[in-house]
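Given these sequences and hints, build the entire structure.
Chains as they are written, first to last, in my numbering: chain U, 10 to 255; chain B, 63 to 468.
Keep in mind the hints are simulated off the structure, nothing from the lab. Given the structure is predicted, the values throughout are model-derived calculations rather than measurements. Backbone N, C-alpha and C fix where the C-beta goes; we use that ideal spot for every residue, glycine too. If a hint is listed, it holds; no wrong ones were tucked in.
Label-pair restraints from in silico Cβ distances: (1) 160(U) to 107(B): 21 to 31 Å; (2) 70(B) to 156(U): 28 to 38 Å; (3) 155(U) to 70(B): 34 to 44 Å; (4) 216(B) to 69(U): 27 to 37 Å.
Straight-line Cα separation of at most 30 Å, BS3-like style, residue types lysine-lysine; simulated pairs: (5) 60(U) to 228(B); (6) 176(B) to 178(U); (7) 60(U) to 178(B); (8) 223(B) to 178(U); (9) 151(U) to 128(U); (10) 102(B) to 151(U); (11) 60(U) to 338(B).
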Amino acid sequence: MKKLVAYITTGYPDLEFTVDLAKSLAEAGTDTLELGIPFSDPVADGPVIEKANLLSLKNGFKISQLFEVSAQIASDIDTLWMGYFNPFYHFGIDRFIEEANKSGVNGFIIPDLPFEEAKPYKAQMKEKSLALIDFIAPTDPKERISKIAKDADKFIYLVAYAGITGSGKSEELSSTISSIREFSNTPVYVGFGVNADTAKAKAKGVDGVIVGSAFVKILLDDSLSHTQKIEKISKMAKEIKEKINE
Amino acid sequence: MSEFYIPKKSPYDPDELGHFGIFGGRYVPETLMPVLEELKRDYEAVRFDRDFWAEVDYYYKNYVGRPSSLYFAENLSKELNAKIYLKREDLNHTGAHKINHTVAQAILAKRLGKKKIIAETGAGQHGVATATVAALFGLECEIFMGAKDVARQELNVFRMKLLGAKVHAVQSGSKTLKDAMNDAIRHWVTNARDTFYVIGTVAGPHPYPMMIRDIQSIIGWEAKSQILKAEGRLPDKVIACIGGGSNAIGIFNHFLEDKEVECIGIEAGGLGLDSKHGASLAKGSPGVLHGQMSYLLQDEDGQILEAHSISAGLDYPGIGPEHAYLKEQGVVKYDNITDKEALDAFVWLSQKEGIIPAFESSHAVAYLKKMPKDEVEGRVILVNVSGRGDKDMIQAKEMLSFGGAE
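So, in structure tokens, the structure goes:
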């Protein structure tokens, strides 16, 4: 069965909402949760996720709250922390590793920490049974794909197109996917631009999809109540999970 | 000495992956990594290549107006009882040192077959310099500028448009240089295959900090031979302002191995170091932003703080990674100048020497007055006037009053 990974921004509209949404997503069949750590300068993200990041920070989000929330979530769903490198580095990788082990979080997704810079941290995380997810992009030549794929843990995050999250772009990925398969048995999940309409097509040839902006767009919809947002996002998650497995 | 400028190897060159000690590196989304690898290979191929630098030199001499003069500031020297020399990067075409690296980067982009260039800009000088070379070499050009800077530098926005560039006013975050760079990176990730990013300072992922340092080091290469000719000796001090740090590293680089020369970089002290400022070395800590590790203004959670400076070009919460390294190694001294001190120096240089400096460069000039007298008197001091103040007239007019015409 193909897997669904859901990204949500922690702390928007509030922390309690984040916990409720995570649990509801788990019930809707989401396999893994990417719990986003808001950052002031999210350069890999499009306007939707950037907005959620900035609003959460405006609400006063602190990293200490991430740890509280994660402890309530990680028992219900496979959870990874997704964030930009600076908060991890500044707050302390050691502390993050310790807190991840404490709250049951299984690893990290750090989009601005490429393979070369990630090396020392990846080893440190592995020692504590934590995964650091590797990215592969459609711009990567085969030689680079082989280096990254050989070493990949848990799943490979295949970036669906050259761009930022949540854009309408798409690219032909079959040669990138076959290169990955040549060097690795690690499952490949595709992310960027996946929503209810595109999920089936994007899931072609891979083992799962990662959905972010499509959920966060609902998160940001002020015309909906908290309960309505949770219902709508979970319904979409369920629909996507079904579509990728049709 | 070669008849024209070719970069040299430096003892402070980064390692293969672009690290200056713990600083520098490449912290970018994976999509850009192959692009940076390619740029690194392409730059290494031309780094010491005579033909490439001969082409650059042709445009420097005939288009930019290099070498820029080294001017003995007689009136300042008398007042301070010292010998003050000004490196006149303000006399370059488009009014600042930024044209040095846009010319060289555009020639490189052309060689790589890229037809589109993009740039971020703070004060607008780098944006204008990029739009200028785009017109010169027939490249498509898009400039990203914070909405706050668009408002305070409207003349430069008009100049960029006049030159044929498209200007994006970036509305996110603090609406200044930091946010302009975020959006330029987003555009670059999206158009990685056919777009050359002309970064405006010695920052960003490897190879940019090294490449732009190499290019801008023509400033110090010229200044060194000019001052040796004028004084028969090296200067005691070399002073330059620092936002990202391109004009500073440009003038320092050829003096770093001369132990008798003290290089001093001046950060934006803004409203004072206990208030809002842009002094990342003085008040920041190591962190990652815009593709590199360096000193950053950040809170306890690693969220980037807003910088402040009277000068849009220094209004940035980070600094080039080589400066972070040179600070830690104790090779360069760093200090800062407040908005008020810079504005005073802006008037001082204008009225003493008839040279109106950019607000950025005014920070370097102001340091002549901030230093203790015994550090100044009897010394030979070289100051980099990185740009001219024409772009700052509207802002200056709001802050200064000289009465009406008589």
